[in-house]
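I would like the entire structure built from these sequences, with the hints used as guidance.
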Amino acid sequence: MEALGLLLHGFAVLLTWKTIALMMVGLVLGIFVGVLPGLGGPNGVAILLPLTFTMDPTSAIVMLSCIYWGALFGGAITSILFNIPGEAWSVATTFDGYPMAQQGRAAEALTAAFTSSFIGSLVAVLLITFLAPMISSFALKFGPPEFFAVYLLTFCSFVGLGREAKHKTIISMSLGLLLAGVGMDTVSGQLRMTFGSSELLRGINFLVAVIGLFGISEILLTMEERLALRGHAAKISLRVVLNVWKDLPKYWVTLVRSSFIGCWLGITPGGAIAASFMGYNLAKRFSKDPESFGKGRIEGVFAPETAAHASGTSALLPMLALGIPGSGTAAILLGGLMVWGLNPGPLLFVEHKDFVWGLIASMYLGNVVGLVLVLTTVPVFASILRVPFAAVAPMIVVSCAIGAYAIQNAMFDIWLMLGFGVVGYVFKKIGIPLAPFTLALVLGNRAEDAFRLSMIGSGGDMKVFWSNGLVGFITTLAIALLFWPILDRAFNQVGKLWRPVRA
Amino acid sequence: MSNLDLEIVVDDPTAPEVDSPAITSTGSVEIFISLLLLALAVTLGYDNWRTGIAWDSTGPQAGYFPFYLSVILGGASFYGLAITFLTRREASETFVTRAQLRRVMQVFIPTLLFCLATQFLGLYVASFFLIAAFMRMVGKIALWKSLLTAFLFTAIMFVTFDIAFDVIMPKGPLEAALGR
Numbered sequence: 001m002e003a004l005g006l007l008l009h010g011f012a013v014l015l016t017w018k019t020i021a022l023m024m025v026g027l028v029l030g031i032f033v034g035v036l037p038g039l040g041g042p043n044g045v046a047i048l049l050p051l052t053f054t055m056d057p058t059s060a061i062v063m064l065s066c067i068y069w070g071a072l073f074g075g076a077i078t079s080i081l082f083n084i085p086g087e088a089w090s091v092a093t094t095f096d097g098y099p100m101a102q103q104g105r106a107a108e109a110l111t112a113a114f115t116s117s118f119i120g121s122l123v124a125v126l127l128i129t130f131l132a133p134m135i136s137s138f139a140l141k142f143g144p145p146e147f148f149a150v151y152l153l154t155f156c157s158f159v160g161l162g163r164e165a166k167h168k169t170i171i172s173m174s175l176g177l178l179l180a181g182v183g184m185d186t187v188s189g190q191l192r193m194t195f196g197s198s199e200l201l202r203g204i205n206f207l208v209a210v211i212g213l214f215g216i217s218e219i220l221l222t223m224e225e226r227l228a229l230r231g232h233a234a235k236i237s238l239r240v241v242l243n244v245w246k247d248l249p250k251y252w253v254t255l256v257r258s259s260f261i262g263c264w265l266g267i268t269p270g271g272a273i274a275a276s277f278m279g280y281n282l283a284k285r286f287s288k289d290p291e292s293f294g295k296g297r298i299e300g301v302f303a304p305e306t307a308a309h310a311s312g313t314s315a316l317l318p319m320l321a322l323g324i325p326g327s328g329t330a331a332i333l334l335g336g337l338m339v340w341g342l343n344p345g346p347l348l349f350v351e352h353k354d355f356v357w358g359l360i361a362s363m364y365l366g367n368v369v370g371l372v373l374v375l376t377t378v379p380v381f382a383s384i385l386r387v388p389f390a391a392v393a394p395m396i397v398v399s400c401a402i403g404a405y406a407i408q409n410a411m412f413d414i415w416l417m418l419g420f421g422v423v424g425y426v427f428k429k430i431g432i433p434l435a436p437f438t439l440a441l442v443l444g445n446r447a448e449d450a451f452r453l454s455m456i457g458s459g460g461d462m463k464v465f466w467s468n469g470l471v472g473f474i475t476t477l478a479i480a481l482l483f484w485p486i487l488d489r490a491f492n493q494v495g496k497l498w499r500p501v502r503a
Numbered sequence: 001m002s003n004l005d006l007e008i009v010v011d012d013p014t015a016p017e018v019d020s021p022a023i024t025s026t027g028s029v030e031i032f033i034s035l036l037l038l039a040l041a042v043t044l045g046y047d048n049w050r051t052g053i054a055w056d057s058t059g060p061q062a063g064y065f066p067f068y069l070s071v072i073l074g075g076a077s078f079y080g081l082a083i084t085f086l087t088r089r090e091a092s093e094t095f096v097t098r099a100q101l102r103r104v105m106q107v108f109i110p111t112l113l114f115c116l117a118t119q120f121l122g123l124y125v126a127s128f129f130l131i132a133a134f135m136r137m138v139g140k141i142a143l144w145k146s147l148l149t150a151f152l153f154t155a156i157m158f159v160t161f162d163i164a165f166d167v168i169m170p171k172g173p174l175e176a177a178l179g180r
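Residue numbers (the numbering used here), protein chains in the order written: chain A, 1 to 503; chain B, 1 to 180.
Source of the hints: derived by calculation from the structure; they are not laboratory data. Computed from a prediction, not measured in an experiment: that's the story for all the values here. The beta-carbon is built from N, C-alpha and C at its ideal position, and this holds for glycine as well. Some hints here could point you the wrong way.
[What the hints assert, rightly or not] Quick list of simulated restraints, FRET-style, between CB atoms:
id, chain 1, residue 1, chain 2, residue 2, range
1, B, Gln119, A, Val350, 39 to 49 angstroms
2, A, Arg226, B, Ala176, 38 to 48 angstroms
3, A, Asp56, B, Phe120, 33 to 43 angstroms
4, B, Ala133, A, Gly460, 34 to 44 angstroms
5, B, Ser25, A, Asp56, 51 to 61 angstroms
6, A, Trp252, B, Trp55, 52 to 62 angstroms
Shown next as structure tokens:
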């Protein structure tokens, strides 16, 4: 296998003391970010991104992806010990994880959570290792119409399959696409939507927006809540770990099912949140004893954690292979790629082999190191929650400001970040989803370029999007997904009309 | 298991009261935001129309793509506005209570002042003041603890970014006096 050889090469790139040290730093920072209230995967990655600006791309991505794994691990700690999901995708983990902690089985629940996270990620990484190179080599044949069709598919599936009100998803997405267009037009060199402001000339930086939308707004939202908490502290002993691992084979169906759900929802923009709930619900439905779920059943921890992590990891597959992120965090990593001077897309596998395979190898290593790290250091991290939020909040604000400023050395960006913080706060409160906005902002320019290049190529004929089987299929699928709710209802109606006739 | 005795308890003395009166309903905010977005869509749409939304010899002009996006944004906002008006009676959900707003302002106003201070005093001095004042005034934490934490955090940030990673932050008179 070619992939295997390249993967080994990736490990060789990684196995230096410097990279391993960066990996540890990244994991610790990530767990920290995952445990703290008011911070999560995307925020953490966005805020810590400036640290990596002066690194070489491989070290940078290793550290950032380890922050991401760390945050995924960290979310489980607070859900189980404190019944506070650090992340939205850990909500399902609290259903059975917290009751287990109450019964004094916290160590068992934590071991189960970490182990299943590890298994979920591992399955997704295996998928990436073998599927991503194939997809990207296939995508090398893509021209602008094909790329535009894929972008369209991404946007449409968000609208059609998202659970939020459709018009709110559309608002969020079109706003993101519009803001992506602010500044100098790359094709004609004309200025757009700058209203004579020299600050807007540079355009609205994606990462500045993300830091404001996720970092600042999250602090504002957290302050609304009552921040008192009460929970269990836990120490994990080797005996408990081995006991849980010994029972692992009994739950292989749950693990496989959740991994599969996670991978599927991670690649399509469904997200880790949906995956964790689906994993949990399916485990409950197929269980012989569904009543015992929610009362501290270890399977109720395995199922959502495996699915959430498989999904969080496999969200990186479309990012690596096509340059299209499958989640908010993947979108931020994509923003990072551009800062380091890499051009995301299928060419990445050809032009930057070291980088891509270094990243994939770091997923394997990062998960192993992460598992050992969390199992041994849980008590330390659980006690971070003792630090009062009044001390944490201003530190997060400062980190956000540093992050926003560092991207383009512009004071204006700090103000922009504050503005986006308010926007994010209000949007979250009235239910306008932020993920489509993030995705649109990072993909906006490239989607527009692809559209205009295809239009130039075809002389302005829309038929170019149906000019061959592949692009026609993707475009049609995109439009079908956009109108999915209507189609779904129509199919049901037709079905109802036919049934009496048959009977 | 013997680890049940280890418990972590954190209190929140300034938590917002549960029965605090609502300031505004989600419906009203939605209407306000929809109007704002509608106005934005019209402004951006007009600007792009001026830039040019037609086709020329090289394909669509610069304003073509964003113009139609503004139309979509405007349409969706208008739809949202209509929906909110039609269902307004039932949807009187609280957007924010008075106590909650007070807490949010307790973070927002210091953050605003921090951004202002960064512009004139530099980021490091501003962050020292932000952390110390916030811990002391909002968190009711002892003065010496607040000052020490603020100093340590700012110093760590300075060493990490300015010295170790060469990421340059806005600086003010203090840094100038120290010759950095």
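Results for each hint:
| no. | hint | verdict |
| --- | --- | --- |
| 1 | B:Gln119 <-> A:Val350: 39 to 49 angstroms | holds (45 angstroms) |
| 2 | A:Arg226 <-> B:Ala176: 38 to 48 angstroms | holds (44 angstroms) |
| 3 | A:Asp56 <-> B:Phe120: 33 to 43 angstroms | holds (36 angstroms) |
| 4 | B:Ala133 <-> A:Gly460: 34 to 44 angstroms | violated (59 angstroms) |
| 5 | B:Ser25 <-> A:Asp56: 51 to 61 angstroms | holds (52 angstroms) |
| 6 | A:Trp252 <-> B:Trp55: 52 to 62 angstroms | holds (59 angstroms) |
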